[in-house]
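The hints should help you fit chain B onto chain A, whose structure is shown.
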Amino acid sequence: MPDAELLARHINGDPHAFSEIVKRHRDRMWAVALRTLGDPDEAADAVQDAFVSAYRKAHSFRGEAAVTTWLHRIVVNACLDRMRRKSVRPVADDELIEAAERDTPMPDQTAEREVSMEVSAALKLLPADQRAALVLVDMMGYSVEDAAQVLSVPSGTVKSRCARGRAKLAPILSHLRNRSNLTRVSSAKGAELRDG
Amino acid sequence: MTGDTHYDLEILAELAEGLLDAATAQQVREHLAACSPCGELLADLAAVREVLAATPTPAMPMGVALRIDRALAAEAGSARGGGVGLVESPDWDELMRDAPWEEAPEPVRLGVVADDGSVVRTRRRASTRRRRWAMPAVAAAAAAAVVGSVVVSSGLLTASGGEPGRGKVLQAQPAVPSETAGVSYMITDSGYNYSEHALKQPLVGYFGPYEAKKEDGGGNGKVAACVSKITSRTKLRPIAVDQSQYNGQEALVIASWKDQARNKVRVDVVDPFKCKAIRKPVLGRWK
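Protein sequence lines, in the order shown, are assigned to chains A and B. So the first sequence is numbered by my numbering: it starts at 1 and just counts up by one. So the second sequence is numbered by my numbering: it starts at 197 and just counts up by one.
Extracted from the complex, chain B is given alone in its bound form:
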């Protein structure tokens, strides 16, 4: 009891839980019958129970399920020299084929990487730790300006010659004239470990502006081929692709315009090796 007038929350909680001895419980009940403030506290306690009960509990994300699958498969492998058939990754592309927001968009012609393997590849940041929300407006504008600079067109992803200035994004040119309907997007290489929460934030804060450089590695060719495969299925125009992680698993995070006027993007998260979705697509925001 607080002073001589009211009972505190802990006593009232113990009363509600039946923890008080009979005499004390009777005393508190008599007080409650006449004391409105203590009655309010009791109502607050009841509200806590119901708020907790009504808080939604999400299902385990597929990325976590796959991670556990791999850990158990490794465990089985070390114990028996073989794997166990654990959680199969669902075919998200197939599952989401008829999703309500997947209305048929205009066809977009996309190509693949040319035989010469010319690619635009961005340089990995010194730190893989990404900034989150606090992206300066200037940087955001720069990121927006990047869109359109790396061009996949008629089967060719290429970069212009010359070294880019430090901190600037290389302005890549289509090797084939623009009348071939070039589709442009940015490839970044953040290594950032995305979570479901991150995918629902403005993505420009994650796909920042990067210094791009010309490389002859086949890695981006594979990326471009995968982006082409995914976007030919979604029929959406890619904005940017981040070579990163999702819940600890290597992933390509592909952002495509769903509705540019309303700042809506579809985010596909795919396995970079198999080019297969590792979670269902997210309807997110670019800015």
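Excised from the complex, chain A in its bound form:
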């Protein structure tokens, strides 16, 4: 059954319809919130707030976008609200360089976990709008157009935020190129891009 029909049933009083929507989308919503906020407790609060909010204002869904886009928008806004309330400040270039030089790996961590932690720490250094754009486009794999709908901004703005975010992350994360198969591949791809 399509999401839109489930939502319509929920609005009409079906007590099980919304639970099906939650089950379908909770993992993606969790991933978006966790990556955007970088903190499981904050992410849990944001996703809970978002689902409760969606439950309450289901009647305001007009069907212009997909239900999943609508849900993403609510989750991302819940995350951005939390970030604003916590006054996450933009980071100066010298702090980014410091972060790049910081030696954080723990001896008992797997390489994958190290990478994940470094990515999470690096994302936290970005302004909220750039972080949200990169999470949607580069981490979750949504198209620029879909991300633009979720973020309620033009596609060009999403591209610009992604570009600025990547430029800030490059000095911090580029060393990961040499630490996994993945990054060796990316390095080769980068070289391909460079060499045309």
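Be a bit skeptical, because a hint or two may be false.
As the list claims (entries may be wrong) - Here chain B is said to cover these stretches of chain A; the calculated rule only asks that three of the stretch's residues, wherever they fall, bring their Cβ under 8 Å from a Cβ of chain B:
id : region
1  : 5-19
2  : 25-32
3  : 47-55
4  : 135-148
5  : 155-161
As the list claims (entries may be wrong) - Taking lysine to any residue and the SDA-like style, the derived pairs with C-alpha atoms no more than 25 Å apart in a straight line are:
id : chain 1 : residue 1 : chain 2 : residue 2
6  : B       : Lys476    : B       : Glu446
7  : A       : Lys124    : B       : Pro257
8  : A       : Lys124    : B       : Ala249
Stated by the list, open to error - Going by beta-carbon spacing under 10 Å, a handful of chain A positions derived as facing chain B:
id : residue
9  : Pro40
10 : Ala44
11 : Val115
12 : Glu118
13 : Ser120
14 : Ala122
15 : Leu123
16 : Arg164
17 : Gly165
18 : Arg166
19 : Ala167
20 : Ile172
21 : Leu173
22 : Leu176
Please keep in mind that the hints were generated in silico from the structure rather than gathered at the bench. Glycine included, C-beta positions come from ideal geometry on N, C-alpha and C.
Below, chain B alone, put in the same frame as chain A:
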């Protein structure tokens, strides 16, 4: 452009994203064809995209799903006077029954609380905020020494008489002679809000040494009965049980030896009221 020689990362990122006007883009491309350092920067930008794309995104933890379920059920209840059938908690015990690392261990005899309800109960800390990593070695040793002091044996969990010294753990004695194969473990009452991450850290840092005291409340009887139920199913020897929370939900965190020589413990997180697993067991470390 940085000086007259190279382009900065932001220009290169804009080029990659197609944001530059045609003339500028052409100029940058010509420069890239001849400039190796700028080519490296472009490769770094491409690496960022791929590192981000390859970073694993875990599924929503069951504790969070249950929390959302409860919040929505409450919402439905307030709106309609009834609940909605949201996320059902899976039966983790059943799901994990055939987990690969659950090889059959030696049987361990366990009992339940005696009729007189004698229990060992620890005192809640002044602060529920737990220390994490920085547990002093002395404290860690004390915690290790506690293992074996609280005894469930042949249906009786009991404590010796007398008041324990402040800051010390009461040395409890089995009411039944030790030949009944007493299984000993520590019960703590931290109230700490565990996360999945915390469960994977050395647990001795969370299950610290506590001052124990004798109480006649039935609360620990219920705990002991639940521990007995869980460990009779896992056939593992419990080390310690922490009355705490998991992702904001009240929980018993039960640590049992999986492989003491290799410091491996199975961690069960159960609902203290229903004695039912609220997340899948974790294979963690004690020290």
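We went through each hint and held it up to the structure:
With 5 residues having a Cβ less than 8 Å from any Cβ of chain B, the region 5-19 of chain A passes the three-residue criterion, so the hint holds. As drawn, the region 25-32 of chain A meets chain B at 5 residues by the rule of a beta-carbon pair under 8 Å; at three or more, the given contact holds. Coverage of the region 47-55 of chain A by chain B holds in this model, with 5 residues showing a Cβ closer than 8 Å to a Cβ of that chain against a need of three. Residues of the region 135-148 of chain A with a Cβ under 8 Å from some Cβ of chain B number 4, which satisfies the need for three, so the listed coverage holds.
Coverage of a stretch by a chain is defined here by at least three residues with a beta carbon nearer than 8 Å to that chain's beta carbons; for the region 155-161 of chain A and chain B the count is 3, and the condition holds. Distance restraint check for B:Lys476 and B:Glu446: the Cα-Cα separation of roughly 16 Å lies within the 25 Å cut-off, and the hinted pair is therefore satisfied. Of the supplied pair hints, the one linking A:Lys124 and B:Pro257 holds, its CA atoms being roughly 22 Å apart against a limit of 25 Å. Simply put, A:Lys124 and B:Ala249 have alpha-carbon atoms about 17 Å apart, close enough for the 25 Å limit, and the pair holds.
Interface hint status for A:Pro40: upheld, as the beta-carbon distance to the closest one in chain B is roughly 6 Å, under 10 Å. Given hint, A:Ala44 at the interface with chain B, holds; its Cβ is 5 Å from that chain's nearest Cβ, closer than 10 Å. Checking A:Val115 against chain B by beta carbon gives a least distance of about 7 Å; that is within 10 Å, so the hint holds. Evaluation of the A:Glu118 hint against chain B yields a held restraint, the C-beta minimum of about 9 Å falling below 10 Å.
For A:Ser120, the suggested interface contact is upheld, since its CB lies about 8 Å from the closest CB of chain B, less than 10 Å. Hint status for A:Ala122: holds, given a least beta-carbon distance of 9 Å to chain B, under 10 Å. Interface hint status for A:Leu123: upheld, as the beta-carbon distance to the closest one in chain B is roughly 8 Å, under 10 Å. At about 6 Å, the closest approach between the beta carbon of A:Arg164 and any beta carbon in chain B falls short of 10 Å, and the interface hint on this residue holds.
With a least beta-carbon distance of about 8 Å to chain B, the hint placing A:Gly165 at the interface is held under the 10 Å criterion. For A:Arg166, the shortest C-beta to C-beta distance to chain B is roughly 5 Å, which falls under 10 Å, so the interface hint holds. For A:Ala167, the shortest C-beta to C-beta distance to chain B is roughly 4 Å, which falls under 10 Å, so the interface hint holds. At its closest, the beta carbon of A:Ile172 sits 9 Å from a beta carbon of chain B; the interface hint therefore holds under the 10 Å criterion.
The interface hint given for A:Leu173 holds, since its Cβ lies 5 Å from the closest Cβ of chain B, which is under the 10 Å cut-off. The interface hint given for A:Leu176 is met, as the beta carbon of that residue sits about 5 Å from the closest beta carbon of chain B, less than 10 Å.
The structure is consistent with each of the numbered hints, conforming to all of them.
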